[in-house]
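Enquirer: Below, each chain spelled out in residue letters.
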Amino acid sequence: MKDNKNLLEIKNLSIHYVTEDGTVRAVEDMCLEIGSGETLGLVGETGAGKTTTALGIMQLIPNPPGKLVNGEILFEGEDLLKKTQAELRKIRGNKISMIFQDPMTSLNPVMTVGEQIAEVVKLHQKVNATEAIERAKLMLEKVGIPGGRVKDYPHQFSGGMRQRVVIAIALACNPTLLIADEPTTALDVTIQAQVLDLMKNLKDEFNTSMIMITHDLGVVAEVCDKVAIMYAGNVIEYTDVKRLYTSPKHPYTVGLFGSIPDIKEDEDRLKPIKGLMPDPTNIPSGCPFHPRCPKAMGICSQQKPKNIEIETGHFVKCLLYENPK
Amino acid sequence: MQERLLEVRNLKKHFSTKKGMLHAVDGVNFFINKGETLGLVGESGCGKSTTGRVVLRLLEATEGEIIFEGKDILQYNKQQQREMRKEMQIVFQDPFASLNPRMTISEIIAEPLVVNKVFSSKVDMQKRVKELMETVGLAERLINAYPHELDGGRRQRIGIARALALKPKFIVQDEPVSALDVSIQAQILNLMADLQDEFGLTYLFISHDLSVVKHVSDRIAVMYLGKIVELSDYSSMFNNPLHPYTQALLSAIPIPRIDIKRERIILEGDVPSPINPPEGCRFYGRCRYRQDICKNKTPELKDMGNDKYVACHFTNNLKPATV
Numbered sequence: 014m015k016d017n018k019n020l021l022e023i024k025n026l027s028i029h030y031v032t033e034d035g036t037v038r039a040v041e042d043m044c045l046e047i048g049s050g051e052t053l054g055l056v057g058e059t060g061a062g063k064t065t066t067a068l069g070i071m072q073l074i075p076n077p078p079g080k081l082v083n084g085e086i087l088f089e090g091e092d093l094l095k096k097t098q099a100e101l102r103k104i105r106g107n108k109i110s111m112i113f114q115d116p117m118t119s120l121n122p123v124m125t126v127g128e129q130i131a132e133v134v135k136l137h138q139k140v141n142a143t144e145a146i147e148r149a150k151l152m153l154e155k156v157g158i159p160g161g162r163v164k165d166y167p168h169q170f171s172g173g174m175r176q177r178v179v180i181a182i183a184l185a186c187n188p189t190l191l192i193a194d195e196p197t198t199a200l201d202v203t204i205q206a207q208v209l210d211l212m213k214n215l216k217d218e219f220n221t222s223m224i225m226i227t228h229d230l231g232v233v234a235e236v237c238d239k240v241a242i243m244y245a246g247n248v249i250e251y252t253d254v255k256r257l258y259t260s261p262k263h264p265y266t267v268g269l270f271g272s273i274p275d276i277k278e279d280e281d282r283l284k285p286i287k288g289l290m291p292d293p294t295n296i297p298s299g300c301p302f303h304p305r306c307p308k309a310m311g312i313c314s315q316q317k318p319k320n321i322e323i324e325t326g327h328f329v330k331c332l333l334y335e336n337p338k
Numbered sequence: 002m003q004e005r006l007l008e009v010r011n012l013k014k015h016f017s018t019k020k021g022m023l024h025a026v027d028g029v030n031f032f033i034n035k036g037e038t039l040g041l042v043g044e045s046g047c048g049k050s051t052t053g054r055v056v057l058r059l060l061e062a063t064e065g066e067i068i069f070e071g072k073d074i075l076q077y078n079k080q081q082q083r084e085m086r087k088e089m090q091i092v093f094q095d096p097f098a099s100l101n102p103r104m105t106i107s108e109i110i111a112e113p114l115v116v117n118k119v120f121s122s123k124v125d126m127q128k129r130v131k132e133l134m135e136t137v138g139l140a141e142r143l144i145n146a147y148p149h150e151l152d153g154g155r156r157q158r159i160g161i162a163r164a165l166a167l168k169p170k171f172i173v174q175d176e177p178v179s180a181l182d183v184s185i186q187a188q189i190l191n192l193m194a195d196l197q198d199e200f201g202l203t204y205l206f207i208s209h210d211l212s213v214v215k216h217v218s219d220r221i222a223v224m225y226l227g228k229i230v231e232l233s234d235y236s237s238m239f240n241n242p243l244h245p246y247t248q249a250l251l252s253a254i255p256i257p258r259i260d261i262k263r264e265r266i267i268l269e270g271d272v273p274s275p276i277n278p279p280e281g282c283r284f285y286g287r288c289r290y291r292q293d294i295c296k297n298k299t300p301e302l303k304d305m306g307n308d309k310y311v312a313c314h315f316t317n318n319l320k321p322a323t324v
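The listed protein sequences derive, respectively, from chains A and B. Quick note, the numbering used here runs 13 ahead of the 1-based positions in the first sequence. Quick note, the numbering used here runs 1 ahead of the 1-based positions in the second sequence.
Hints listed in this document are in silico derivations from the structure and should not be mistaken for laboratory results. Treat the hints with care, since some could be wrong.
So the derived list for chain A, only partly shown, Cβ under 10 Å to chain B, looks like this [stated by the list, open to error]:
#, residue
1, Glu89
2, Ser171
3, Gly172
4, Gln205
5, Thr259
6, Arg282
To give a feel for the contact side, a few chain A residues facing chain B, derived at Cβ under 10 Å [what the hints assert, rightly or not]:
#, residue
7, Thr59
8, Thr97
9, Leu200
10, Ala206
11, Leu209
12, Leu230
13, Val254
14, Gly268
15, Gly271
16, Ile273
17, Pro274
18, Thr325
Glycine included, each C-beta is placed from N, C-alpha and C at the ideal position.
With the hints as extra help, turn the sequences into a complete structure.
Expert: Put into structure tokens, the structure is as follows:
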């Protein structure tokens, strides 16, 4: 319908890790779309497969043990999985770039921040060293750091400032898609507010599409247009922000909301999801959530739920919504 | 009148570093009533964990008084301290680093019992360990397992069982859920609330997560650079914050709802260094209401009535600074 408008389309993507303990189905049969200028939130707990999805799009899955077993990743209409390594290098850091979670470890401690920003620019654009450094200064100012600090090393910056440098590197070549993997998790709330604000402004300025990986539903409410909730490698609910927050459908999504203390209201007890995340090498049969699901039926342990569009643009993987009576 | 279990007066902890004196905790005053939870919030480096440790004498205070059940514990000798530790326990933040990887779960939980020679017979001790495991919701079959075999939520349950072993009255909870996923976090928070009801425990709950703190606390203290800037009961803290830092902190929390629109106060800059802090309000550099007096005079924690305390020169009378 709006095929030509989508910047990124993921079709039936499956990624497995083959280990001695068995096969980990890190991502299973994933279908997602991101339009131009849109922000998609990818939400889930530890081990849900969020980061693997991001690395899959960037083609950075360590192989072995990781393997893209199935699917297509269409970026600007072309399948990234069919590209050669040389072609991919031209895309990474240029058209698609990534912000990693930990600003303490994603910068090189023995290079100045200016050199680190200039490195990307030199790699992808036909500029000389002086022009690249100029561009680095400009990017630093864009993210709110004085251009004069271009010759400083990462250890001379605070955590929030370092994350700004990482953002400057990611945006240096004006990417069309930005993948942010928990960009504010390591930061304090007031600094997180600064960084989120900055990312929103820059995204609007450059009209960048973004995939925001996070476990914080508060951050999603603030910056995202669409949300995909992941559980044990599956996208179990996928819709726009408004519908997810006003009428969540999947029992896991409902459980997640029940687990968060509500700052606006008083509640005596939280309503946690019972049990634990399943062992990734031994995912329960049928619906992977059924052992923890308060609404589980007999059939849930036998049949894998299909991805159903319960209303336009609202997808749920749950047997409750299959063949409604 | 409620009974005060713990009272801290003018508590200071300074660390000597190469660059100068680091004022981690700088003149903190608060009290905790019996059976109550006091939440201590603040950002990294504000001194909240140091406060928690100094209160238990895991770190020696530089100055001040810590009154526990009417006696200043800073005056205690080694023997008295050992007795005191039975009453005061701690649950640590990182359930991966706070358990000895070479000890089994029963050894970890029994350690405080062994150290304090509580039981003379092994059978009795095993019985107590099993009882504790049941209290915190650990299956008995895990008794001989090692920490690495368990997930974060279960490890934190071990930490809680260990803290409960000597039947303490007071527990410092130092970010007990921040390393856990939300669904597990909720389970642990519920467990801690149940234990508090069952054993009449008093908590000092340290966290950087304001929604968690609000959920568990009766009263909340907000710290900034070694000082308490605001202290009040939780509803007044959230509905009517008076200190500019508290206001900014509350407005910065991402709320997982889309029906609430609010004004966001974005603070400039970072938290300044706690090494040799200058005279004046610690928040001066980032405050949007700052005046000349704030630079020169340190505001004291003032009683605003109704058990609300604020450290700001312009409480109730904040006007944006003309910069």
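Enquirer: Out of the numbered hints, which ones does the structure contradict?
Expert: 1, 8, 18
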